[in-house]
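There are 2 protein chains.
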Amino acid sequence: MAVYTEVSDEELARFIAGYDLGKLLSFKGIAEGVENTNYLLHTTAGTFILTIYEKRVDVADLPFFLGLMEHLSAHGVSCPLPVRDRRGNVLNELSKRHAALVTFLKGVWPKRPKADHCRELGSALARMHMAGRDFPLYRPNALGLSGWRPLFEKFASRAGEIDSGLGSLIQQELGFLEHAWPTDLPEGVIHADLFPDNVFFIDEKLSGIIDFYFACNDSLAYDIAVCLNAWCFDPDSEFEPSKGAALLQGYESVRPLSAKERQSMPTLARGAAMRFLLTRSYDWLNTPKDALVARKDPADYIRRLAFHQSAASIADYAPQLIS
Amino acid sequence: MAVYTEVSDEELARFIAGYDLGKLLSFKGIAEGVENTNYLLHTTAGTFILTIYEKRVDVADLPFFLGLMEHLSAHGVSCPLPVRDRRGNVLNELSKRHAALVTFLKGVWPKRPKADHCRELGSALARMHMAGRDFPLYRPNALGLSGWRPLFEKFASRAGEIDSGLGSLIQQELGFLEHAWPTDLPEGVIHADLFPDNVFFIDEKLSGIIDFYFACNDSLAYDIAVCLNAWCFDPDSEFEPSKGAALLQGYESVRPLSAKERQSMPTLARGAAMRFLLTRSYDWLNTPKDALVARKDPADYIRRLAFHQSAASIADYAPQLIS
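The listed protein sequences correspond, in order, to chains A and B. Those letters in the first sequence? Residues 17 to 339, by this note's numbering. Those letters in the second sequence? Residues 17 to 339, by this note's numbering.
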């Protein structure tokens, strides 16, 4: 939620001259997004988002992210389309950082999603999974099962600063996940970070998906598990079954889950809660209190994890559906 | 440089329904402006800025600010035009704060203004002064001469934390200003905060002026003195005569200065430097280090003040002009 990289008049003029965009009409920093710097750019050719990649993004991954957005756009998914410059490149340089220009996507993200939003999300997620099937690049999930224990070890000795029982909770849960994690589920390209602020709506209809900077190859059902965590709990971290049911119904209206995927849902949801518990805990302990970025409380994910631990089957996420 | 007030989906929908704006298409927080929260809003009716007034703005002043923007717009000045809701009001409520919607103004502010920008600025400032002549409301300058000593007294005991000589420098300078401050100069509505980030350009042509939240009645020439401080020094706080000359030339091409105004320019410039030295010093000492707002270094204005103290006449601001 901050503009990190300032751009001089000359650098901006030079950057824009590299594209076929006409005249610059407006350029404003956007107070959203914590990983990169985003500017909203108006020119006589239209409205665009200019993203300047900050140090948390690995430059080697950018062709995957930008290529994926092009691929999904070409396959009917509404997402930002990278704009090619006069030489045909999508990746450029600005203010000594890597930068890209993408089309502006209309819509507003829901601060407090309702079940109808979750149904729309479910079907869009399934369509995205189908559209990604023949994307040729591959990127492992750095924040998947094999990444969790190394991340925990970076802050294990300080976990007690967050919550006295947190260290042993994570330790035990990692043991369970490493033992019980499902293999041989259908895999493909997943978004992996599909929180409400990455999904736009106009009039309750989903208008597009943004921010593919955690996208990777992993189990498709794990992406659903991320959404169950991100969309289907109330502000007190109580699970809301009507939203879980809507999400799963929406998804299955496009791509029905296999028996194995359905069986695995509680475990996948525990894994997704662990992934965000770990990154939030790490950031909590390592973000200076005077940083421009608001720290997110890890405790939300301790409560989500407890719910998933108590879930016996996918029916606990959608009680009104016959499972 | 931050979004302070978050707006819920329901509050935003209710607010927008009060206007004849069509369908909401996009709503993004802008990472600019330190006094208020600003959102960029797209609807099927156009593009707008939604401002939510934070506690530093006195609600009683809002009719002056909003009325002035309407008045200036109606008199040919390019500035944001407040939008009336279905009941004819420009001032509204949102998220328990006062809020207003204004038209979006195209253009980009110059990070590093050149002399040509200063010439454009000068003539636009003079046109704004002319257009404001028959504006019927009155607002004294709270940060004018009579406000400086009370503001200094709020932090005088801590001035040494910024610079060991700062307390006595301000003390002496206030004595001079209270003695030498010019009276009976032409008065009218002034912007009083016309820094580069409040002035937009397209292709080196001035496209509009924004942020009237310090506007008030005071000597017109004092507004020029603010601009000399804000536009005509390089990043090391060295005065740049080519910019000063361009600013004054541009201004006088529309409204020639009186002999008294020209004589008073060094004193007015000292006063303007004092005004920003005082507010920056106060903010420096009173802004928590972990605040979302970047603190601005008061030292820039110690150096500017020293230049103005050395200036013998308006010729020191525009040596190539015959004064």
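FYI, nobody ran anything at the bench for these hints, they're computed from the structure. Treat the hints with care, as some may be off.
For chains that are exact copies, the list does not tell them apart, and a pair is met inside one copy or across any two.
[Unchecked claim] The list that follows gives simulated cross-link-like pairs (lysine to aspartate or glutamate, EDC-like), each with its CA atoms no further than 20 Å apart:
1. K39 / E220
2. K221 / D200
3. K127 / E27
4. K39 / D219
5. K122 / D213
6. K312 / E194
7. K112 / E70
8. K127 / D25
9. K221 / E177
10. K127 / E26
11. K122 / D25
12. K130 / D74
13. K112 / D200
14. K170 / D25
15. K39 / D132
16. K130 / E22
17. K130 / E26
18. K312 / E22
19. K127 / E22
20. K170 / E254
Hints not upheld, ascending by number: Hints 2, 6, 9, 12, 13, 14 and 20 contradicted; others consistent.
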